[in-house]
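> Protein sequence lines correspond, in order, to chains A and B. My numbering puts the first residue of the first sequence at 1, with every later residue one more than the last. My numbering puts the first residue of the second sequence at 1, with every later residue one more than the last.
Take the hints with a grain of salt, since some may be wrong.
Put simply, identical chains are the same to the list, so a pair is met inside one copy or across any two.
[What the hints assert, rightly or not] Under the rule of at most 25 Å between Cα atoms (straight-line distance), these lysine-lysine pairs were calculated in the DSS-like manner:
id, residue 1, residue 2
1, Lys7, Lys173
2, Lys101, Lys7
3, Lys21, Lys233
4, Lys83, Lys173
5, Lys153, Lys233
6, Lys21, Lys115
7, Lys70, Lys83
8, Lys115, Lys225
9, Lys70, Lys225
10, Lys199, Lys7
It is worth saying that the hints were derived from the structure and are not from the lab.
Protein chains: 2
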Amino acid sequence: MHLAFMKTYVSVDCVVFGFNKNQLYTLLVQRNSLGSRGKDLKLPGSLIYQPEDADEAAYRVLNELTGIRKMTLRQFKSFTSPKRTSDTEDVNWLEFAYHDKIERLITVAYISLCKITRKLNVVSKYKTVEWCPIDHLPKMPFDHNQIVEESLKEVRNWVETEPVILFELLPTKFTATELRLLYEAIYNRKYDARNFHKKMVQMEYILPLDEYQENVKHRAARYYKFDRVTYNKRKIGI
Amino acid sequence: MHLAFMKTYVSVDCVVFGFNKNQLYTLLVQRNSLGSRGKDLKLPGSLIYQPEDADEAAYRVLNELTGIRKMTLRQFKSFTSPKRTSDTEDVNWLEFAYHDKIERLITVAYISLCKITRKLNVVSKYKTVEWCPIDHLPKMPFDHNQIVEESLKEVRNWVETEPVILFELLPTKFTATELRLLYEAIYNRKYDARNFHKKMVQMEYILPLDEYQENVKHRAARYYKFDRVTYNKRKIGI
DNA sequence: TATACTTAATGTATATTATACAATAAGTAT
DNA sequence: ATACTTATTGTATAATATACATTAAGTATA
C-alpha cells in the first residue's frame, strides 16, 4: 500500500499593491472571525470554485473588491506546505467561512495593482477592507506574511518586462517626482532626480501635459500621463 | 446553496533541461499506458503525497530519475484549468497509474537542470526515460507541451539572477565555445565570439585550466571550470 | 612537405548607457 | 525683501555593449 495522495482544497490569495506618497500598501480584508483575537486581517482570497481555474478565481476575488473589470493579474507562486493549516484557529475560521471540513489547503498566490484612491466595494463577507503599508503589516493567518514578502520581488520582475503596470499604481495625471518615488518604493533605493528625469524623457509613452500642480506651497510640478497607444508600439522600461 | 468548491488532486511536473552540442533537451518519460497510441511521452511528475509539499514531491520525482541528492529546483507556475483533464485517455491513464478516481487535477510545474551525460536510473513505473530536443517535442498529454514552452522563459529569468545554474548543464570541464552555445540555445540568438569571450573573462568564477581538447581535428580549445567558492563570494551574470 | 581545411583565440574603435554632481526657477510664507 | 520649499535642467566621466577580421594551432590530403 502506497502513501496516500494529496486531495485538497485549493485557494487563491491576492496581494494587491497600492501606492501613496512614498510608500507601497497592500489591500487587506478583515475576516468575520469567530472569537477574534486582534484585527484578524488577511489577504483577500477565496477557495476556487469547480468550474474555475485559478486566474478566474483571483479575478473574481478582486473584481468583487474593486469593481475593476480588466484587472492586471499575475500568478507568482503556489504555497503548498502541509504546515499551512497547522494553526487550529486558522482551520476553524476556514470551516466557519466555507461550511466544510478542510484539512489541507494549498494556495495559488497572485499579485495585482490598484490606484489607492479607488473607491472599494463593500463586500459582505468582510468586516473591513483597508490599505496597509507593506512595512508595517500585522501578523496574518496562514503564510500570508510570507506571501507578501515574496510578492515584492515578483513585482520587480514584472516592472522589468511590463513597466505599464506602474501606471496602474499612479493617478491618471502624475508628476515626475511621484513616478520616481514609486520606483524608489519598489526597488527600495534612491534615484538621482536628474538622471531619473533623463530616463523618463526617453520613455516616449510618458507624455508631458500643459498642466501643473495647484495649491502647493512651492514651485508647481508639471503633470504627465501614460499613453497606452505609444506604449503598445514600443515597450521600454527603466 | 453556493457553487461547489474545488477539491482536487495536486501533482508536480518537472521540466528537466539538458544541453548537448548546441541544443537544449528535456527529459521525458514514457508512461506504461493502457492501449498506447504513439509513444506516450510526458514530463516526469507525480501526485503529491499527503505529508509532502510541492518542492518535496518534485525533489522526489527527480531524485528517483537522476539519483542526484542536491537538485536545483525552481517552482515556476501552477496549471489549474479544469480543461486539463478533459481528454478521457489522459484521465484513464491517471486512474490506471494511481488506482484512484481522478476528476480534477492541477499541477505545480518545476524546472530543473541536469548534465545530459548523466546515467539515469531505471524507474520501474516508466518504460523509458529519454532526452528530447525542445525544438522537436512530441505531442504530450495534458498541457505538458504548454508547460515546456513557458518554462524556457523562466530559465532565462533564472540565469539572470543565478548564472550558477548554467554549470549544471555543462560538463565539469568545458570550452568557451560550449558556454557560448549554451547561452545561444537559451536566449535563441547568436553572440559574437570575441565579445562573449571578454565577458567570460570578467566572470571571475570561471577558471581557465591548463588542459586542452584532445583528438579533435582542428586547433584544440582550452578547458575552463566553474569555481563555486569564488561564485559564492560575488555573483555576476552576463 | 606543402597546402587546404577547421575551429580557437584575441584587440581596437565606436556607440550606448549609467553615474556623479549643483545651480537656477518658480512659487509660498513671513 | 527675504527665507523657504520643491521643480527643473546639463555636462563630464565611467562603464558597458557592439561591431568587426586576422592570426594560431592543429588535422587531413595531394
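> Against this structure, judge whether each hint is valid.
Hint check results:
1. Lys7 x Lys173: Intra 49 Å, inter 45 Å, cutoff 25 Å: neither.
2. Lys101 x Lys7: The answer is both: 13 Å in one copy and 11 Å across copies each meet 25 Å.
3. Lys21 x Lys233: neither (30 Å within a copy, 37 Å between copies)
4. Lys83 x Lys173: neither (45 Å within a copy, 42 Å between copies)
5. Lys153 x Lys233: between (27 Å within a copy, 22 Å between copies)
6. Lys21 x Lys115: Result: close within a single copy only, 12 Å intra versus 50 Å inter.
7. Lys70 x Lys83: between (34 Å within a copy, 23 Å between copies)
8. Lys115 x Lys225: Classified as within; 14 Å inside a copy, 50 Å across copies.
9. Lys70 x Lys225: within (19 Å within a copy, 50 Å between copies)
10. Lys199 x Lys7: neither (51 Å within a copy, 49 Å between copies)
This entry does not satisfy hints 1, 3, 4 and 10, going by the numbered hints stated previously.
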